[in-house]
Amino acid sequence: MSGLLQQLFNGLVSGSFYALLALGLSVIFGMLGVVNFAHGAFYMLGAFGAFVLLDSAGLNWWLALLVVPILLGVIGMVLERAFVHRLMHLFPLYNFLLTFGIALILQDLIRLKYGVTSQPYPRPTILDGMVDLGVFTYPKYQVFVLVLSIVLSVLVWLVLTRTRVGMIVRASTERAELTQSLGIDVRRWVTPVFGFGIALAGLAGVLAAPMRAVNSEMGADLIIVIFAVVVIGGLGSVVGSVAAGYIVGMLTEFGNFYIPALSQILVFVLMALVLLLRPAGLFGREEGSPA
Amino acid sequence: MATKLKKAGALTATLAMGAVIAGCAGGGPESEGGKITDDAIKLGVITDLSSVYSELAGPNAVEAVKMAVEDFKAEHGDDAVTQNIEVTEADHQNKPEIANTTAREMYDRDGVDAIFDVPTSSAALAVANIAKQNQKMYFNIGAATTELTGAQCNPYTYHYAYNTHMLAHGTGKTVTEQGSKSWYIIYPDYAFGQDMNKSFTEAIKESGGNVVKADATPFPNDNFATFMTKAPTLTPKPDVLGTMQAGDDLVNVVNQYNEFGLQDKGINLAVGLMFDTDIASIGVKKLEGTLYTTPWFWNLDDRSREWADRFKQRTGTRPTFDHAANYSATMQYLEAVQRTGTDDADAIRKELDGHSFDDFFARNAQFRAADHAVTHDAYLAKLAKVKKESEVKEDFDFTKAVKKIPAEEAYMDAADSGCDMG
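Protein chains in written order, with our numbering: chain P, 1 to 291; chain A, 1 to 422.
Excised from the complex, chain P in its bound form (with noise of 0.2 Å):
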């Protein structure tokens, strides 16, 4: 029993990158109707981030927990003045590509800079060790990612449903033009949204700096399975998003014990499931359907 409940924890935590991931992708695509390819790429440059400041000018990762996502952020609010913004009128093809070149050119860079070995990271001591919980010991590290995961999910989720400006995002995310009638200028929120988005990437990445392995390739293999979780999550939805991400870390690892070989195809086998039965995703909406 306490194995089976181990192995449930074990997929929390992994969801909780998921989720994350999942959850910027989702805002940006609801507000935006672009599907930021990038996004793997900024969860890269989070954990590159938090090398380089240690690294570099020895700041330690708490503090590169604060200050990257928020650089990450700044950089995807001006990439989105300067390149996403022009698009926007156009096919979402157009952006598509765009955020899939800067991606590629994301990665080479980084790589050009560090080669393609993984970078040295260690855990913030604090987080060393295991805590009990009680049914079973846990890596303190993992139990912090876990729970910091959920509260952010929960704030994100505070926001837009219970201040204005959650308020006019979910709205504009709904219908556009809509809102846009009502008299709310939707535009000045397009920017933020998309500069948030990132900057959560860019968080999962700092997250990630302790435990996975630090490098160039690190966000390519991570960002078809997001793609996957927001599709199943339904497109939009940020509560969707969220779930889909520990579902799919859940199952992910159940794979993962019973069967390995399956593990890695069992996401695109729900997700094929989710479009042939509820082709909105198990938390989107049909078109059309009454709010």
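Please note: incorrect hints may appear among the correct ones.
[As the list claims (entries may be wrong)] No more than 30 Å apart at the CA atoms, straight line, and that leaves these computed lysine-lysine pairs for DSSO-like:
id : chain 1 : residue 1 : chain 2 : residue 2
1  : A       : 198       : A       : 265
2  : A       : 285       : A       : 66
3  : A       : 385       : A       : 230
4  : P       : 140       : A       : 388
5  : A       : 404       : A       : 198
6  : A       : 382       : A       : 403
7  : A       : 237       : A       : 213
8  : A       : 198       : A       : 132
9  : A       : 205       : A       : 286
10 : A       : 181       : A       : 132
11 : P       : 140       : A       : 385
12 : A       : 393       : A       : 66
13 : P       : 113       : A       : 230
14 : A       : 181       : A       : 403
15 : P       : 113       : A       : 286
16 : A       : 285       : A       : 403
17 : A       : 387       : P       : 140
18 : A       : 312       : A       : 400
19 : A       : 35        : A       : 73
20 : A       : 181       : A       : 404
21 : P       : 140       : A       : 95
22 : A       : 388       : P       : 113
23 : A       : 286       : A       : 198
24 : A       : 66        : P       : 113
25 : P       : 113       : A       : 285
26 : A       : 393       : P       : 113
27 : P       : 140       : A       : 403
28 : A       : 265       : P       : 140
29 : A       : 403       : A       : 205
30 : A       : 95        : P       : 113
31 : A       : 198       : A       : 382
32 : A       : 132       : A       : 285
33 : P       : 140       : A       : 285
34 : A       : 388       : A       : 312
35 : P       : 140       : A       : 382
36 : P       : 140       : A       : 230
37 : A       : 387       : P       : 113
38 : P       : 140       : A       : 237
These aren't lab readings, by the way, just hints derived from the structure by calculation. In this text, all values refer to a predicted model and were calculated from it rather than measured experimentally.
With chain P held as given, fit chain A onto it using these hints.
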């Protein structure tokens, strides 16, 4: 020659046909009287110039081959069989189909006499096949599979440096004999991992240990939590977790082994294959005290250091064992050409078969005639204990040899290899 061929082909079909026929002759007619075809020795290095193995092999493997060429010329001066030695390089991106085409082009079109390196087992085997068809020399260095000197061996292919048997009989045997009898093995689910699992399981059983469980893991994979939590729940509880992962997957395994505190739960870590570049990526701190098997490391002794110093002057970095082996293999090949006075592959392999030697890389070494394994001593090594990463003053300066594994132990008996030279 090659560009001429292309131009000719572009002119007319007839001309192209003529050129192709001339090309097929492969420069043979031009070498009338001389024993060196084209009056040049041409070496080709097929390696990973752009992706995961480009640091442990890659551009610096090419440099090592060039370095050997220069040393050979300097050593023999005017007595050298030829001063005209060319080195060409190609990126196979670790893909068998690219390695296949590239090897064909090198032998057929460019008149390459010997191919070196070729990391990644599947690509290595593809090139062995081409070497056999073309009857040209091939020294594999970067790949680990025993198939090269086993079922898929051939008279023109030699396997240098290391193989899965060496790794298993170094690490697997010693760790078991030291008292860690029960193993839990995790291996990536592809050719290399399966081969490693097989070799380790054999070595462990031979040494009186047992494998509690062996799990295939997805490849590539960044989350091994399932296996880390599973390890202590197995019955009997394993004494040691044997990881056969390589590269980034290995980095993830070691990180997570540490996080899940398996050492405190009485489960040691044994690593199947580790390159210096992997250790640097993980950080010595997380690996301190880990035992592993290596055919060579730069700080082994004075002879190795002397070469490593020259390598560093040239490249700015310390060599991995792949780099050292590329140099050594190139030197052995060139010396064989020097001794026989020809670059004819059949003459060279006859010269090399059974040849014993000793250099800074390969000690107690022999080109074994029966299966074409180039056998030599290997080392069981231990990583230094450090308080901080900054204690490692130099690239890859973290290895200590614990025990020499004599060539006879490091390599399986030629009779067991399953090789039939035909």
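Hint check results:
At most 30 Å may separate the alpha-carbon atoms for a hinted pair to count; residue 198 (chain A) and residue 265 (chain A) meet this at roughly 27 Å. Restraint check for residue 285 (chain A) and residue 66 (chain A): not satisfied, since their Cα atoms lie roughly 35 Å apart, outside the 30 Å limit. For the given pair, residue 385 (chain A) sits about 28 Å from residue 230 (chain A) by alpha-carbon distance, which is consistent with the 30 Å threshold. The suggested pairing of residue 140 (chain P) with residue 388 (chain A) holds, with an alpha-carbon distance near 21 Å, which does not exceed 30 Å.
With a C-alpha separation of about 23 Å, the suggested pairing of residue 404 (chain A) with residue 198 (chain A) holds against the 30 Å cut-off. Taking the CA atoms of residue 382 (chain A) and residue 403 (chain A), the gap is near 9 Å; set against the 30 Å cutoff, the hint holds. For the hint linking residue 237 (chain A) to residue 213 (chain A), the alpha-carbon distance of about 10 Å falls within 30 Å, and the restraint holds. For a cut-off of 30 Å, the pair hint linking residue 198 (chain A) to residue 132 (chain A) stands: about 27 Å separates their Cα positions.
For the hint linking residue 205 (chain A) to residue 286 (chain A), the alpha-carbon distance of about 29 Å falls within 30 Å, and the restraint holds. The suggested pairing of residue 181 (chain A) with residue 132 (chain A) is violated, with an alpha-carbon distance near 42 Å, which exceeds 30 Å. Distance hint between residue 140 (chain P) and residue 385 (chain A) is fulfilled; the C-alpha atoms sit about 24 Å from each other, no more than 30 Å. With a CA separation close to 28 Å, the supplied pair residue 393 (chain A) and residue 66 (chain A) stays within the 30 Å bound.
Restraint check for residue 113 (chain P) and residue 230 (chain A): the C-alpha separation of about 38 Å exceeds 30 Å, so the hint is violated. Distance restraint check for residue 181 (chain A) and residue 403 (chain A): the Cα-Cα separation of roughly 20 Å lies within the 30 Å cut-off, and the hinted pair is therefore satisfied. In summary, the hint linking residue 113 (chain P) to residue 286 (chain A) is supported, as the alpha carbons are separated by about 25 Å, within the 30 Å threshold. Taken as a hint, the residue 285 (chain A) and residue 403 (chain A) pair is honoured in the structure, with Cα atoms around 22 Å apart against an allowance of 30 Å.
Pair hint residue 387 (chain A) plus residue 140 (chain P) holds up; C-alpha atoms about 22 Å apart against a cutoff of 30 Å. Simply put, residue 312 (chain A) and residue 400 (chain A) have alpha-carbon atoms about 20 Å apart, close enough for the 30 Å limit, and the pair holds. In summary, the hint linking residue 35 (chain A) to residue 73 (chain A) is supported, as the alpha carbons are separated by about 18 Å, within the 30 Å threshold. For the given pair, residue 181 (chain A) sits about 22 Å from residue 404 (chain A) by alpha-carbon distance, which is consistent with the 30 Å threshold.
For the hint pairing residue 140 (chain P) with residue 95 (chain A), the CA-to-CA distance comes to about 40 Å; that exceeds 30 Å, so the pair is violated. Pair hint residue 388 (chain A) plus residue 113 (chain P) holds up; C-alpha atoms about 24 Å apart against a cutoff of 30 Å. Restraint check for residue 286 (chain A) and residue 198 (chain A): satisfied, since their Cα atoms lie roughly 27 Å apart, inside the 30 Å limit. For the suggested pair residue 66 (chain A) and residue 113 (chain P), the alpha carbons sit about 25 Å apart, so the restraint of at most 30 Å is met.
Distance hint between residue 113 (chain P) and residue 285 (chain A) is fulfilled; the C-alpha atoms sit about 24 Å from each other, no more than 30 Å. For a cut-off of 30 Å, the pair hint linking residue 393 (chain A) to residue 113 (chain P) stands: about 21 Å separates their Cα positions. For the hint pairing residue 140 (chain P) with residue 403 (chain A), the CA-to-CA distance comes to about 37 Å; that exceeds 30 Å, so the pair is violated. Straight-line distance between C-alpha atoms of residue 265 (chain A) and residue 140 (chain P) comes to about 16 Å, which keeps the hinted pair within the 30 Å bound.
For the hint pairing residue 403 (chain A) with residue 205 (chain A), the CA-to-CA distance comes to about 21 Å; that is within 30 Å, so the pair holds. Note on residue 95 (chain A) and residue 113 (chain P): the hinted pairing holds, with a Cα-Cα distance of about 25 Å set against a maximum of 30 Å. Between residue 198 (chain A) and residue 382 (chain A) the CA atoms are separated by roughly 24 Å; this keeps the pair inside 30 Å, and the hint holds. Annotation: proposed proximity of residue 132 (chain A) to residue 285 (chain A) is violated, straight-line Cα distance about 45 Å (limit 30 Å).
For the given pair, residue 140 (chain P) sits about 19 Å from residue 285 (chain A) by alpha-carbon distance, which is consistent with the 30 Å threshold. Annotation: proposed proximity of residue 388 (chain A) to residue 312 (chain A) holds, straight-line Cα distance about 24 Å (limit 30 Å). The hinted pair formed by residue 140 (chain P) and residue 382 (chain A) meets the criterion: a straight-line CA distance of about 29 Å does not exceed 30 Å. With a CA separation close to 18 Å, the supplied pair residue 140 (chain P) and residue 230 (chain A) stays within the 30 Å bound.
For the given pair, residue 387 (chain A) sits about 28 Å from residue 113 (chain P) by alpha-carbon distance, which is consistent with the 30 Å threshold. The suggested pairing of residue 140 (chain P) with residue 237 (chain A) holds, with an alpha-carbon distance near 23 Å, which does not exceed 30 Å.
Hints 2, 10, 13, 21, 27, 32 from the list above are not met by this structure, while the remaining hints are.
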